[in-house]
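Asks: Given the structure of chain H, go ahead and fit chain C onto it with the hints provided.
Number of protein chains: 2
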Amino acid sequence: MSTDPRAGEAAAYVEPQILEELVSMRASIDNIDATLVYLLAERFKATQRVGVLKAKHRLPAADPAREKKQIERLKRLADDAQLDPEFAEKFLNFIIEEVIRHHQAISASAGATTEDTAAHSSADTSEAGSAYDAAETENR
Amino acid sequence: MSTDPRAGEAAAYVEPQILEELVSMRASIDNIDATLVYLLAERFKATQRVGVLKAKHRLPAADPAREKKQIERLKRLADDAQLDPEFAEKFLNFIIEEVIRHHQAISASAGATTEDTAAHSSADTSEAGSAYDAAETENR
Chain H
533 MSTDPRAGEA AAYVEPQILE ELVSMRASID NIDATLVYLL AERFKATQRV GVLKAKHRLP
593 AADPAREKKQ IERLKRLADD AQLDPEFAEK FLNFIIEEVI RHHQAISASA GATTEDTAAH
653 SSADTSEAGS AYDAAETENR
Chain C
533 MSTDPRAGEA AAYVEPQILE ELVSMRASID NIDATLVYLL AERFKATQRV GVLKAKHRLP
593 AADPAREKKQ IERLKRLADD AQLDPEFAEK FLNFIIEEVI RHHQAISASA GATTEDTAAH
653 SSADTSEAGS AYDAAETENR
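Chains as they are written, first to last, in my numbering: chain H, 533 to 672; chain C, 533 to 672.
None of these hints come from the bench; they were simulated from the model.
Worth double-checking, as some hints may not be accurate.
In this list, chains with the same sequence are indistinguishable; a pair is considered to hold if it fits within one copy or across any two.
Unchecked claim - The list that follows gives simulated cross-link-like pairs (lysine-lysine, DSS-like), each with its CA atoms no further than 27 Å apart:
(1) Lys577 to Lys588
(2) Lys577 to Lys622
(3) Lys607 to Lys588
For reference, chain H alone in the conformation it holds in the complex (with noise of 0.2 Å):
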């Protein structure tokens, strides 16, 4: 019997080879799932770094006509991936919903830190606001 724990519970079921086979795809699923997750960290950097941009500049936040157009793209994209292009639309939407999450709590805790800024001038503060509304909005 196979000791790899991505046999995980099926180890009690089947014999070997088709553990293995088992074992085998699980872990194509883990180095999938692995670079999923240093991709979408690479993504919320680039976001935060046109948010940064977007701040200094003083550009708005959000770019409704750029959404659409990355919206149409992906869905193309999926197509051509044989993903469900509603699942690929429903995906950019999950990430957007997440960095409204962490513009919430941003926004809370600038809040919190009234105090802290009432020395410096109100346009300062209106920049530092503005500053985090681009670099959590600008994920689209």
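Replies: Just chain C, lined up with the frame of chain H:
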């Protein structure tokens, strides 16, 4: 002014070199998104293969011990990647939810074709049913 469609609405607001920087960053985000789509398609293909193997050898569809280990591992990887570990868990759950949705759609369409399968023995029908279950729940 850049004519790259990735400039989007920002084209109306900033000087060309800033716009160029934004367009370059967005091109990176688009490349990451394409990779994510193709990788997700590959992940669904892998879990589909595992599902078929499980159905063929009458293995249980769900494996809570495996799922628990996957979540722990993804959280560790997320931490290493400087990605919110809670997000990594949410991400895995998002994929599982999608799989359940597929499963329900397949079950519904299987129900609609009951007359086609009525000629087969009940054991065959049961096996086909569990094949769907296994194929659609091994995503953890």
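Asks: Now look at each hint and say whether the structure bears it out.
Replies: Going through the hints against the structure:
no., hint, result
1, Lys577 to Lys588, "within (17 Å within a copy, 43 Å between copies)"
2, Lys577 to Lys622, "both (21 Å within a copy, 19 Å between copies)"
3, Lys607 to Lys588, "neither (32 Å within a copy, 33 Å between copies)"
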